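Number of protein chains: 2
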Amino acid sequence: MTLTHVIYNNPDIPKALLQKVLQVSGPSTSQLYDENALDTLNSTHMIFLISPKCPPVAQEDDAFLNKITHILPNKKTAVLVLDSQNSLSISLLAKIRSLSRKNLLYSDIIDTSTASDEETAVKLLSMRRSLLDNQDMPVSLLNDWLKEMIGHHNTCTLCTGFGTNIRATPIEFTYHEEAFYFLSEGGEKFANLAVNPNVCIALYQEYSGFDKLEGIQVCGAAMFVDLFSEEYNTVITKRQLTPEQLKKLPVTLHMIKVLPHRFELLNSLFRKSGYEAKQVKELE
Amino acid sequence: MTLTHVIYNNPDIPKALLQKVLQVSGPSTSQLYDENALDTLNSTHMIFLISPKCPPVAQEDDAFLNKITHILPNKKTAVLVLDSQNSLSISLLAKIRSLSRKNLLYSDIIDTSTASDEETAVKLLSMRRSLLDNQDMPVSLLNDWLKEMIGHHNTCTLCTGFGTNIRATPIEFTYHEEAFYFLSEGGEKFANLAVNPNVCIALYQEYSGFDKLEGIQVCGAAMFVDLFSEEYNTVITKRQLTPEQLKKLPVTLHMIKVLPHRFELLNSLFRKSGYEAKQVKELE
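One line per chain: the protein sequences are A and B, in this order.
If you use our numbering, the first sequence corresponds to residues 1 to 284, in order.
If you use our numbering, the second sequence corresponds to residues 1 to 284, in order.
FYI, nobody ran anything at the bench for these hints, they're computed from the structure.
All clues stand as given, with none of them false.
Because identical chains cannot be distinguished in the list, a pair is counted as satisfied if it fits within a single copy or across any two copies.
Simulated crosslink set (EDC-like; lysine to aspartate or glutamate; CA at most 16 Å straight-line):
(1) LYS247 with ASP226
(2) LYS278 with GLU185
(3) LYS15 with ASP226
(4) LYS123 with ASP108
Fair warning: this is a prediction, and the values are worked out from it, not measured in the lab.
The whole structure should be built from the sequences, with the hints applied where relevant.
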């Protein structure tokens, strides 16, 4: 079970940022660093928020570093420095980097006095994926599960958007040669796709208990398939439709294709085989 | 059954824009205006794309106007003028506006030589809602259906995003006093919500036949509910949880509340009562 411990060394860090870090990196808990704190951790992942006190106290940072030295090479770790103007923070980050070796999976600077909400969000998203993406299941087994879980569904939610405009569309799909295909008479999603081809697809079972969770999230890029092209005709044939039938319709059935580049699978059954319930598969 | 007829008067209009108009306003079909075309229409809605020929021919526009004069007051109509530089187009739009009276539900200018993809998308989305939003079912009956259809589900897709970043999250919900509540240990959706509170929620049944379509799309604004506030405690109690239980957990369960401002309901059963299968409910 994943648990991220967010450790900060300065009680005066912006509370709103601490909250965002906690939310984005959850399941999580936070703790102000003190002498005894680090001995009691049962977390799987650590995020250090480093923000020197004002005025900075070099000895405190050294004491902090000494305290975490034995943990750094052993736990998957991320470090966020919250003040780029302070040379002590930067040198602290450099020391952490050299101590953590391969377990420091993400480090970055968020200058809380100048960073926009968007910049902060992009860094936190990147931190989450670097730190928490998991794939301890063998790829071939993961692929089998993916195929089986997709096969449980014929309908998904296709999410599209641009700017602050978000759209969730329940829609039937055809999964063919590792792509999702959708037939649609039209609608708002097409306006979104004309601006932003990035989409996210969700497939899931209704909740029926914590031990029966099953869901897939797919990130991908959408494109249109030419009407009555070979690919179009192949997909409609899989739906028991013929080009002749569709040509007789008074309206056009547009085809959207989504090429996945990331799958996130959640399945309680994975645990029974000794794997984490959440698995991530990234495609090139 | 809705069918939008897209009529354009100039064979040289940008094909990409015609395609977008068709897709966003679908179910739809398009037709280049000619002498005989308008007598054969069985559409419920019309969109006129007006783009004068180069060089413009005033007589042709007048002929076009004469041809559509009898249709304008009778069908729900939108007009897009595709060239703001041409005074003939603008005067044609003014004439159409005066003839259509209440049935001209949307008119706008898209200058295809300067409009960005975003500007065009925003106008097409606005046109679609102005022209095609439907609520022919009495409000009290629609509210009953809404409550019943939401009651069929305990899980939905919560869609969040900002910029080109889109996220679809399957998540259990609690519907309480006309708001959706979600409990979450954390994740990418929180990074999106920190930038953009606009969300879309989808609830649906897996596809089991064209006569059994059922789905809801909800547009709303997300906010966080303070941990262990009265509202928080009320909602977790509805989930058979107690504050004491949650306080013992090693992690924080964040609560997201979504206040809906728009519902789109799709239900094949509406047709059996004589209403359109798609109904829209907008809140103040």
